[in-house]
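J.: For the sequence shown, this note's numbering gives the first residue as 30, with consecutive numbering after it.
No lab work stands behind these hints: they were computed from the structure.
Incorrect hints may appear among the rest.
As the list claims (entries may be wrong) - Taking lysine to aspartate or glutamate and the EDC-like style, the derived pairs with C-alpha atoms no more than 16 angstroms apart in a straight line are:
#, residue 1, residue 2
1, Lys112, Asp89
2, Lys211, Glu184
3, Lys281, Glu254
4, Lys112, Asp101
5, Lys204, Glu156
6, Lys281, Glu108
7, Lys128, Asp146
8, Lys295, Glu70
9, Lys244, Glu192
10, Lys200, Glu164
11, Lys157, Glu108
12, Lys211, Asp181
13, Lys202, Glu261
14, Lys281, Asp87
15, Lys116, Asp134
16, Lys202, Asp171
17, Lys211, Asp171
18, Lys204, Asp171
19, Lys295, Asp246
20, Lys132, Glu161
21, Lys196, Asp207
As the list claims (entries may be wrong) - What follows is a list of derived Cβ distance ranges for each label pair:
#, residue 1, residue 2, range
22, Asp171, Lys116, 37 to 45 angstroms
23, Gly179, Lys204, 44 to 52 angstroms
24, Asn73, Lys202, 42 to 50 angstroms
25, Arg94, Asp171, 17 to 25 angstroms
26, Lys295, Arg141, 48 to 56 angstroms
27, Asp171, Ala284, 28 to 36 angstroms
28, Thr182, Arg127, 42 to 50 angstroms
29, Glu261, Arg127, 33 to 41 angstroms
30, Arg127, Gln83, 19 to 27 angstroms
31, Asp146, Gly248, 43 to 51 angstroms
Values in this document were obtained by computation on a predicted structure and should not be read as measured data.
Yeah, the Cβ is synthetic: ideal placement off N, Cα and C, and Gly gets one too.
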Amino acid sequence: MAVLRNLIPALLWGGLAVHAQDPDPLEIIRRSVERDRLNFERANDYSYVQHTEQRMLDKDGRVSRVESRTYDVIVIDGEPYEKLIAKDGKPLSESEARKEQEKLDRELARRRAERPDQRSRRLSEQEKRRREGREFAREIPDAFAFRLAGQDTLEGRPVWVIEAQPKPGHKGKAKRADLLSKFRGRLWIDQQDYQWVRVEAETIAPVRFGWILAKLDPGARMTFEQRRVHGEVWLPSQARMRLDARLAMVRKLRAEVEVTWRDYRKFQADSRITEVTEITP
């Protein structure tokens, strides 16, 4: 979830209603980015179930293979841990489930055995990643030209709709801020909470990913949705991506990927002991 939670929303933008005097779309974007900071802070109070389905496509765009994985995600001492609970729509076998539990037990034991300096170093790295994610999101208002497209209703709530085009020549300071210039899109923003409800984005230039030399071709489309959880935080509910990519600049990959998040449970965790106790909402 981490990748998907920090990257996809950060690439995208927001929406508005048209009145006698149109609201300023840039101000809506700025407020929505600031509101999303609270989601970053509260997300680690929740465990959830994450389901990922990958559909491989042949050269004609037909589905040739489908794979899926379902995880129960808990937060162990401030970091998410994914415990596999199903494969390809079927629960794990007794043997597989036992191995997953043993992996979790080893992780819990490792955390309990951490020296203070090791824990401090790990949490420092975690905070660095979170800080980079927030800095990336703060680049959005300056990286795009926004246009008020209208208003809509999603899940019974009024939303603003804003279209965004990257500003030519914009140079951001955040890590990987260059990614923003490679996307255009549209975002639906809740008029009451100023939260991102739905995001649609499309690549308009090749997007390269690190040392594995993967390249996402122009025309890749992504959708990201959030919902209000327990009346206090907006968290991911669904993400979809259709992509044409090249691995190692040679192998062609065509696929559809869908991720859903559900069954959010709020919990309390002792900062030293890595077991959690759920709170009934």
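J.: Could you run down the list of hints and mark each one as holding or not?
T.: Hints, verified against the model:
Straight-line distance between C-alpha atoms of Lys112 and Asp89 comes to about 35 angstroms, which puts the hinted pair past the 16 angstroms bound. Taking the CA atoms of Lys211 and Glu184, the gap is about 30 angstroms. The hint is violated against a cut of 16 angstroms. With a C-alpha separation of about 28 angstroms, the suggested pair Lys281 and Glu254 falls outside the 16 angstroms cut-off, and the hint is violated. At roughly 5 angstroms between alpha-carbon atoms, Lys112 and Asp101 fall within 16 angstroms of each other, so this suggested pair holds.
Straight-line distance between C-alpha atoms of Lys204 and Glu156 comes to about 15 angstroms, which keeps the hinted pair within the 16 angstroms bound. As the CA atoms of Lys281 and Glu108 are separated by approximately 34 angstroms, the hinted pair breaks the 16 angstroms bound. Of the supplied pair hints, the one linking Lys128 and Asp146 is violated, its CA atoms being roughly 30 angstroms apart against a limit of 16 angstroms. Simply put, Lys295 and Glu70 have alpha-carbon atoms about 13 angstroms apart, close enough for the 16 angstroms limit, and the pair holds.
With a C-alpha separation of about 25 angstroms, the suggested pairing of Lys244 with Glu192 is violated against the 16 angstroms cut-off. With a CA separation close to 14 angstroms, the supplied pair Lys200 and Glu164 stays within the 16 angstroms bound. Between Lys157 and Glu108, the direct Cα distance comes to roughly 13 angstroms. Compliance with the 16 angstroms bound is thereby established for this hinted pair. At roughly 27 angstroms between alpha-carbon atoms, Lys211 and Asp181 are farther apart than 16 angstroms, so this suggested pair is violated.
About 31 angstroms separates the Cα atoms of Lys202 and Glu261, which puts this hinted pair outside 16 angstroms; it is violated. At roughly 10 angstroms between alpha-carbon atoms, Lys281 and Asp87 fall within 16 angstroms of each other, so this suggested pair holds. Of the pairs offered as hints, the one joining Lys116 and Asp134 is violated, with about 21 angstroms between alpha carbons and a cut-off of 16 angstroms exceeded. Between Lys202 and Asp171, the direct Cα distance comes to roughly 11 angstroms. Compliance with the 16 angstroms bound is thereby established for this hinted pair.
With a C-alpha separation of about 14 angstroms, the suggested pair Lys211 and Asp171 falls inside the 16 angstroms cut-off, and the hint holds. Restraint check for Lys204 and Asp171: the C-alpha separation of about 15 angstroms stays at or below 16 angstroms, so the hint holds. For the hint pairing Lys295 with Asp246, the CA-to-CA distance comes to about 39 angstroms; that exceeds 16 angstroms, so the pair is violated. The suggested pairing of Lys132 with Glu161 is violated, with an alpha-carbon distance near 29 angstroms, which exceeds 16 angstroms.
This hinted pair checks out: Lys196 and Asp207 have alpha carbons roughly 11 angstroms apart, not beyond 16 angstroms. Under the hint 37 to 45 angstroms, the C-beta atoms of Asp171 and Lys116, about 43 angstroms apart, fit the expected range. Taking the beta carbon of each, Gly179 and Lys204 are about 34 angstroms apart, not inside 44 to 52 angstroms as hinted. For Asn73 and Lys202, the Cβ-Cβ distance of about 26 angstroms falls outside the hinted range of 42 to 50 angstroms, so the restraint is violated.
The given range of 17 to 25 angstroms is broken by Arg94 and Asp171, whose C-beta atoms sit roughly 42 angstroms from each other. For the pair Lys295 and Arg141, the beta carbons lie near 23 angstroms from each other, so the given range of 48 to 56 angstroms is not met. Checked against the hint of 28 to 36 angstroms, the C-beta distance between Asp171 and Ala284 comes to roughly 33 angstroms, which is consistent with it. Roughly 48 angstroms separates the CB atoms of Thr182 and Arg127, a value that falls within the hinted 42 to 50 angstroms.
At roughly 36 angstroms, the beta carbons of Glu261 and Arg127 sit within the given window of 33 to 41 angstroms. At about 26 angstroms, the CB distance of Arg127 to Gln83 agrees with the hint of 19 to 27 angstroms. For the pair Asp146 and Gly248, the beta carbons lie near 48 angstroms from each other, so the given range of 43 to 51 angstroms is met.
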